[in-house]
Structure formats: structure tokens, C-alpha cells
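Novice: Spelled out, the chains give:
Protein chains: 2
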Amino acid sequence: MDSTIGLSITAGFSAIAFAGYLISDILKRRVDTPRMVEVSEAIQKGAMTYLNRQYKTIAAFTLLLAVLLAWSLGYLTALTFTLGAVLSAAAGYIGMNVSVRANVRTAQAARSGLGEALKVAFSGGMVMGMSVTGIGLLGVCLLYWLTGDPKQIVGFGFGTALVALFARVGGGIYTKAADMGADLVGKVEVGIPEDDPRNPAVIADQVGDNVGDVAGMGADVFESYVCTLIASMLIGAITYGKPGVAFPLIVQAAGIVSSILATFLVRVKGDKPKDSIKRGMLTAGFVITVISCILSWIFFGGLKVFYATLTGIVTLILFALITEHYTFYDRRPVQTVAEASKTGVATNILSGLALGMESTALPVLVVCLAIIFSYVLVGLYGIAMSAIGFLSMTAMVVAMDSYGPIVDNASGIAEMTGSEPEIRRVTDTLDSLGNTTKAICKSFAIGAAALAAIALFSAYIEETGLEAINIAKPSVSVGVFIGGMLTFLFCSFLLRAVGKAAFQMIGEVRRQFREIKGLMTGKSKPDYARCVDISTRSALKGLIAPGALSIIAPVAVGFTLGAEAVAGLFLGIIASGFPLALFLAHTGTAWDNAKKYIEKGNLGGKGSETHAAAVVGDTVGDPFKDTAGPSLNILMDIIGTVALLLATSFITYALFA
Amino acid sequence: MDSTIGLSITAGFSAIAFAGYLISDILKRRVDTPRMVEVSEAIQKGAMTYLNRQYKTIAAFTLLLAVLLAWSLGYLTALTFTLGAVLSAAAGYIGMNVSVRANVRTAQAARSGLGEALKVAFSGGMVMGMSVTGIGLLGVCLLYWLTGDPKQIVGFGFGTALVALFARVGGGIYTKAADMGADLVGKVEVGIPEDDPRNPAVIADQVGDNVGDVAGMGADVFESYVCTLIASMLIGAITYGKPGVAFPLIVQAAGIVSSILATFLVRVKGDKPKDSIKRGMLTAGFVITVISCILSWIFFGGLKVFYATLTGIVTLILFALITEHYTFYDRRPVQTVAEASKTGVATNILSGLALGMESTALPVLVVCLAIIFSYVLVGLYGIAMSAIGFLSMTAMVVAMDSYGPIVDNASGIAEMTGSEPEIRRVTDTLDSLGNTTKAICKSFAIGAAALAAIALFSAYIEETGLEAINIAKPSVSVGVFIGGMLTFLFCSFLLRAVGKAAFQMIGEVRRQFREIKGLMTGKSKPDYARCVDISTRSALKGLIAPGALSIIAPVAVGFTLGAEAVAGLFLGIIASGFPLALFLAHTGTAWDNAKKYIEKGNLGGKGSETHAAAVVGDTVGDPFKDTAGPSLNILMDIIGTVALLLATSFITYALFA
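Going down the list, the sequences are from chains Y and A. Here the first sequence is numbered in my numbering, starting from 53 and rising by one per residue. Here the second sequence is numbered in my numbering, starting from 53 and rising by one per residue.
One should not assume that every hint holds.
As the list makes no split between identical chains, a pair holds if one copy fits it or if it spans any two.
The list that follows gives simulated cross-link-like pairs (lysine-lysine, DSS-like), each with its CA atoms no further than 25 Å apart [what the hints assert, rightly or not]:
| # | residue 1 | residue 2 |
| --- | --- | --- |
| 1 | Lys394 | Lys552 |
| 2 | Lys593 | Lys394 |
| 3 | Lys239 | Lys394 |
| 4 | Lys577 | Lys658 |
| 5 | Lys330 | Lys658 |
What the hints contain is simulated information worked out from the structure, not anything from laboratory work.
Let's have the full structure, built from the sequences with the hints guiding it.
Specialist: Set out below in C-alpha cells:
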């Protein structure tokens, strides 16, 4: 089996090497429009400033928790925990540094046509995809190689979850404060177009796309990726020994290789970038399926484990189709929301909420079927392997997602620098595809987090030896109820933080329009930095409460009601958090696309009453889909890593176990 | 113990007798304003027409299910089931028949001052309170007396739950379709005041208050009341034998007696009707506490069971305080929502949602503490008894709640008939108190349903003998996940049904304003009946899907994944349904009261931009607090009764148990 570990480590290094190749390929492109360079540098500076300050906050928390872990669980756990945090931060750092450079180069490449621009943007996204999977796989493999025991790697998972929590929550607050501030004053009150350079919040808005959708999403998926690996290795070690540990690693290695191959397919020139990306996805999926089929035969002498893995891949495809159905503007559901806007804001809001609530049913059912099916095949290991299958396409999906903010930025830069119409047509085409892919990636991230949580839950059960966790015990059912409620409380913190931050941002943008003379005529420049600063401070302030809540809750329940109650808590969080996250993501996206559907000239088009109603829905949906919804992903998983780490302590020290 | 049953039966009859006394007292008051008689008769006719058609639909479902039950579980179950449905319908019929007569008499009594009007309105509400508790207790006692086995009464509980489901869902859709139709066209588009007789939907709106808040709420609480009794008797029989069965009955008998006493206190004249009602509540609570303390000593030779009961009473008080904090307009949270309306609709909506999500935390924690505390005292029986304690004040709370629509109607009738300003001042004072009490009753109904569900869950565990329901089994955790999602799907059906119904209503009201000449000048009368008919048809159509879902889901899960998975499903529904119901109720009420706070002259008052934003929030909140939220109550309990009934069948016939 050592050769498997060796192969997986090689795959991890290949990913990093490929990322390096893509980076050098992107950076050697020169940007020859000085105005573009200027805007791009402002975005870079803002993003880096934020990321540095965010990492400082995270570093403080990490240090504190590392000391606590060293004291309670030993140095090794503290060390792996710190490594997890550092590597996750590194992946985010690399990915974002590239995306804030790829954006302007995409705008530049748009001069040479759609194919070139797509190539740059997708390469930029793939850097994040490769960083996440490469660094994730490498970290897990190396730690396993050093310790020989998956249990020792749980701390690593906790470290990645901690960074993800802060990156998601902080990034989510940042981006929406900037977005709402820019839109509500700029577009609604002053009446200037989106991404207009006169808008003081425009740079903060562009920065937000990067810290939210690139760094935040990357850390989120990194965490799900690592935690699923660890959980499946834990279960694998117990049920199948070494092959059980090695198989998930090699499947993920295959995922990396197939994604590298697929990247070249996305580069083919063509008129329809959507088809190009789809071709890449399908190829990657096909290659992974074939490789894991062969490997399952080699490792286990049969195809049962392969079928479990395949279940995960099929789940991913179904997730994409369901998301498409509920959130795309060429489908009935979103058009219904658009039509409801005809009778005003209230009906737009209610119709969106009803859509979002309905849209939770199929994804949850699909996951439930996957659980049952894969469990019948090979027990708890099957459940974990279906999560691995789902996540085997991580590099491609993350690339697709990070592609979104890059082209969004490119389109914004083109707009801000007053580029030629042809360039803007290219960047706009890419941007509208970015909106499509983003919706699917959101669902992917939720599904990945839920599956990771379920895998962690299975591992927790195997680990604690609590073979029977009895919900007939009130401590367990109370755990479930508290879990069910926590997700709502957590969301309320986030919505409130965005509200407060947006309120400040609106005040500042209004102030600048009022006080800076010649701003509207373009004679003076706005103070972009002030807006960037407001978003930064609000985000850092807003992440404390939800961050603390998600770590304190399992610890408090564990040490009072015991290890079984924590299992209940965990289950309650998944049971309400999974549909709540889907609801928030789908509702927000549907409102967004209902607005876009109207803007395409339907139902009265831009400027109509109907459009005005849809704009309100879109604004309400912003923190739904980009702050509260995605942050729930991390909540589901962080409880799992804390629970796994402290399982034995809960059993020993609980007050009323 | 037979004497206890005798006493309880006597209490049940006393309640019915007292209701009769109150009815005769109300009916003997003459209404001498012909215009008032006319309006009141239109409301009566509309309400009765709807109730009759609703009962026809329910009768069809009841018959179908009775045949299925007779075939699968025997005639006795089918019979008790039918009896439960019939008695619940009877309680609703009586209560609503009185409330649609008490409304006009309250308006009439307002001539003699606040004291008289309060007396009539509260008496009218107390008829519903006495019907619910009297008929509920009597039904359970008689069936127990006849069969001697609480298990045989489960069918009765299912019957009440079925009627409650239809009454809540149907009433909720009816009332909000009418309300939104009346408001969105009348107040917003045409600009006529609320309850203006020129509005074609005004009668449907008044009818809606009765079928939603009186009949719907009554059936809801009736079901919680009966199911909690049955669950506690089931557990009591297993743990304490006959005294265990008799104690919950006698506590509820004491509840009835103390509520009758307290009614006389509400009759005392005074300037502040709020203090008067509070005095009544506190007296009733005190009497119940003393009686159950003495009885606990007599029955069990100790106070442990009493303490468990007391836990429930304390929980009720805390529920009221928490609701007050989050939903009253003289408190910070609602004022924050009002202030958020200054920056527009989007911030009003987000602020309300954040408030609602936050407001779920304390009630859930309080219930969790009550569960743990009462379980530590006397095991599962303690949990059931704390639910009984919570519900011991049912008569008073239902009276307070039914009082709401009566005074709301009275105020509407006064407005429609152009009564003197003094009369309208009296009815408006009573109405504003009604809004306060309604919010608390909503929380009460949610808490009661959740506690009933938890008691049913405990009974299910005792009954099935599934001493260990293992969430480590995927079938169980899948059950939890499906349960967590079902509440969202269920809500989406309801929001959509209200949306569709409101859409039709808006069309019809607009049509009448357009086509009926002289409507605005008051020369022609609108066609009220058409609007009543639209609400009726929409409500009956809208209740099919959620009704079917809530019965089919547990059956489908039970016969595929087995009895343990049903326990998981049940737990998942409570875990997400309880906070979701609180969220919907509190958010809706907070938006409503934020609007009222502004209408009192704050933040620009009526007609300001801020007010316009708050009106949209209020409209979105309508189906939250009056349709989807309350309907979740029934969903939580109906699964429990179905599960209890079919427990043994699930164990025997499940496909993959």
C-alpha cells in the first residue's frame, strides 16, 4: 500500500506543479493599458490587505486553540491542527493572489477574443482548484505517512475547518456589505450603472468577490475535501485496514490527474464557453469513474466499493441538474418568481421563499438515497466513499467557481476603464456563464459539506465505540433539538452582521457623494480605501460571534450532556442546516436570476416596476446566498471535527452522561 | 382511581355547561343597529359556508382513513379516530358560531363602555376555551372509561390531528388570501382605509379571521391538548399504573375549574383590559399549581411529579416573556426592525428575518431544559407531565386568542358601519390588546405542539419497545434528514397556496373596482360573495398537498425503512419544525408590529417611505405567522399519532428494517 501513498503524494505534487505552470503562464501575459493596471492594483491591494488582516485574526485564534489542544490532547494534535490552518491559509493565499491578477489579464485577453479570455480566466480558476486538491491531498498523505494513523490527522481537519469558518464568514460579510452598499446607493439612489468608477464602494465590491467567492469558497471546499478524506480513512482503517485507508487517497489522486487532463479540453477555442467547460467536466468525471473502477477491483477484489464511489459521482450530477432546474432563468421556477414581481415586492419575496423551500426536497432525498444505497453496499465505509466520489471532481468545480469572480472582475475592470464595446461583449459573455457556474458550485459546496459531515458523523460513531446512540435518551434528543436551533441562531448572527456592515457602507457612500465635489462629473476621485476599510473592519468584527458559537456549542454540550448528546447535536445541525443552506442558496440565486431574466427585456425589462421589485428580492438574497447559506457548510463540519477530537474527553468527563 | 375519572368527567361537563351559560349570556344581548346586523350576518354566512365546505372535505378524508384503519387496525381504532375528528369539528363549530355572533355584540356593547365590551369579547373567546378543554377532556376520559386502555385512544388523537391539519392549513390559506387581497388593492392601490365597506374583499377578510384564528387555532390546540393527554396516559400506565393514567386527567380537570374561576376576574371593570386579563391568567396559574401540588402528594406520596408539572407551567411563563421581548413594539427588537425600514424594504426584510432566527434560541433552550429537568425527576413520564403543565392553562390561552378575532371583527364592524368615534375608540383599544395576546397565543400553540410531539415521541419509544433507537444506523439518520427537510417542503406548499390564492383575490378585487360603477362613491355595493368564494375554493384546493404529505411521509418511511427510521423522521421534524415555526411566527409578528410602531407616529409615521417599507414586510409576514408557521404545529404532531398507530405494523412489515 505504500506505493499508493507514494502515488498520491506524487499526484499532490503534480497538482502544485501544474498550478505553478498555470501561474507562470498567466503572469507572463502583459497588461498594456495603464488604467487597467491601476484598477487592478487597487483590487489587489484591497484584497491582500483584507486577507492579511483576516489571517492575523485567524492566527490569534489558531494559537489560542493550539495551546488548548496541546494542553488537553497533546502536542501532536496541536501541531497537526496548526498545520491544517496554515495549509488552508496558504491555499487561499495562492488562489486569491492569482485570481486578482488573472482578472485584469482576462480583460486584456478579451482583445484577442473569447477563446483567449476563457483560457486565462479558467486557468486562473484552476490554480485555486489545484491548490485546494493538491495541498489538501499532500497534507493528509504526508501526515498519514509520518504517523501511520488516520486518527492523528483529525486535528489537521479541525485546523482547515477553523480557517474555513473565518474565511467563509468573514469573506461573506465583507463581500455583501460592499455589494449592498455599492448597489443601494450607486444604482438605486444615484442612478449610476454597476461597476461605475465614480462609486466609492466599487473597489470594495470587486475585492469582495475575491475574498468571498475565491478565498472563502476555496477554504470551504478545502475543509470538506480534507475532512471527508480523514473520515473515510478512519472508517477504512477500522473496516478494511490499510487498503481501506489508501483507497480514498488514490481516488482523489485520480481526481487530480483527470482534472489536469480536462483543463486542456477547456482551452479548446469555440463559440460556446459553456460547452467547453461541460466537456471538461464530463471528461474528468469519466476518467475518474474508469480509474476508480479498476482500483476498486485491485484493492478489494470486487466492485462494491466502486459502486459506492460512483453513487457519489451520480449524486453530484443530480445536484447540478436540480440546481439548474431551480435557479436558472431559462427554467420555469425562476420565471415564476419573475412573474410574481409583477404584483410587487411582497409577492416576489414570498414566491422566492417558496421556491427555495421546495428546492430543498430533492437534494436531501438524493443524499438520503445515496446514504442508504452505499451503506447497503459496504456499510459506513460506503457512505464515506460516496462522499469521496462526490468530491473527486473538486478541482474542476473549484476552478469553475473561481472562474466566476475572475470574469466578474474582468467585466468590472472593462467597465471601469471604459474599454471598447467588443471587449465588454466578451467579458460580459464570460460573466454570464460565471453566474451559471457559481450557482452549481454553491450547491456543490453545500452537498460536499453535508456529505463530509455525514462521513464525520459515521467516523464519530466508529471512533467513540458508541455503537448505539439512543435517541430515546432525552440527552440525545435534546442534543438534536439544540442542533436544529443552532443553525437558525448562527444565520441570525450573519444576517445581522451583514445588515450592520451594509448600513455603515451606505452611510459612507452617501457621505462621499455628498461631500466630495466633482465626484459625479468625474473630476474628483472617490476615497475607495475608506470603503475597503469599512468592509474589512465589519467582517473581522462580525466573525467573532458565529465563530465562537460553532466551537463552544459542541464543547458545552459534550461536557454537560456527554458524547451521545454531541452525536444528537451533530445530527440536529445536519438535519436543519442542510435544508436551510440549500434554501438560502437557492432562494438567493433565484431572486438574482429573476432580476436578470427581467433585465433581459422580459416582463417590462429594466426600469419597470416589476424590475424594481425584483431588485429588492435580489438585495435580500445577497446575504442569503453569499453569507449565511455558505457559512452553514462550515458549521456542519466544524462540529464534527471538534466532536471527533474530544470524543474520549466527553466520555470521561461529561457532567450528566 | 375511578373517582378521579369521575371528577374529570364532571369537570369536562362543567366546561361544556359553562360554555352554554356564556353562550346564552352573549346571545341574549340584542343588536339594535340594522347596519351592524347586516354586516355581521354576511360574516356569519361566509364563515359557516366555508366551515361547512371544509368539513365536507374533512369528512371525505376521515371516511377514507377510517376505512383504511378499520381494515388494518380494527374497528375500534376506526371508531375512536372518527370520534376524534367529529369532536374536534364540533368544538370548532361551536367556538366559531359564537365568535361570529360575539363580534357584533362586542361592537354594540362598546356603547356601554370598555368594561362591557371586554366582558362580551372575552366571554365569546372563553366559549372556545371551554369547548376545546371540555370536549377534549371528556372525550379522552369517556374513551378511557370504556376501554380501560390508553392505547385504544391513540386513534382519537389521530382524528383530532387530522381535523387540526385541515382546519389550520385551510383556515390559514383562507385568511391570508383574503387579507392580502384586501390590503394590496384596497389600502395600497386604491387608497381606502382598512375595513372600508367599499372593499370587495372586506367580508372575506373578516371571515378569514374567524376561520383562521378561531376555528384553526382551536383545532390546533385541541389536538395538542388531546395528544399530550394520551401520550402522558400511555407513559403513565407503563410507569405508574392507574395513578399514572389518572394524574394528567385530574390536572387538566383542575385547569378547567381554575379557568372558570378566572373568567369572573376578567369581568371586573377597569381602565386597563390588559391588567384584567393578566390577573385572570395569574389566578388560574396559581390555582392549578396549588391543586396539582396537593394531588401529586395524594397520588404519588411525593412532589416529584408536581415539580415536573410545575416545570411546564414555568416554561409557559418564560415562553410568554420571550415572545413579548421579541415581538412587542415597545421593545428593542421590533423597534430595530422599524428603524431598518428607513433604508428600505430590503433592510426591513433582512432585519426581520434576523430577528426571527435569533428568537428561536431561547424557546428551544427553555424546552430543552424542561425536558432534562423533568426527566431527571421522573423519567419519560416527567417529560409528558411538563407538557401537561404547559397545557393546563389551555382554556385561558385559547380564550385570549379567540378574543382577538372577535374584537378585530368588532372594530371592523364599527368601521364598516360608520359608528360613532367613542365606539371605535373602545373597539380599537380592545383590538390593540388583541394583537398583543394573539402573539403570545401563537407561541403557546407552537410550544404546546412541540411538547405534545415530544410527549408522543416518548410514548412511541415506550410503546414500540424500541428501547434503543440507534442514530448510528443510516436508516435512522436518513429518517432524521428527511424529517428536517419535510418541514421546508411543507412550508413551501403553504406559501405557494397563499400566493396563488392572493393572486386570484387581487385580480378579482381589481376587477370589481374597475367594472362595478359607483363602487368608489358608495352608490353600488361590491360583490362580497365572489371574494368569499375565491378564498374558500383556494383554501380547499391548497390543503390537499400538505395534508397528503404529512400522512404519507411517515407511512412511506415506516414501511420502507422501519420503525426506528420513523423515530428518526419524527425527531428530524421536531428538530427543524420547532425552530422553523418559531422563526415564522416571530418574524411575521415583528414585521406586523414594526409597521404598527411606525403607524403610531414614530420614524415618520403613516404615509412615509419608512412606513411603505414596513407595509411590505408586514405583507410578507402574513402567511409566515398565520399560515405556514402554525401549520407546522400540526405537522409535528400528526406524524406522532400516525407513528404510534402504526408502530407494530412498521416493525412487522418494513421493507429494509
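Novice: A separate judgement is required for each hint: does it hold in the structure or not?
Specialist: For each hint, the structure was consulted:
| no. | hint | verdict |
| --- | --- | --- |
| 1 | Lys394 <-> Lys552 | between (30 Å within a copy, 13 Å between copies) |
| 2 | Lys593 <-> Lys394 | between (39 Å within a copy, 24 Å between copies) |
| 3 | Lys239 <-> Lys394 | both (21 Å within a copy, 18 Å between copies) |
| 4 | Lys577 <-> Lys658 | neither (28 Å within a copy, 40 Å between copies) |
| 5 | Lys330 <-> Lys658 | neither (31 Å within a copy, 54 Å between copies) |
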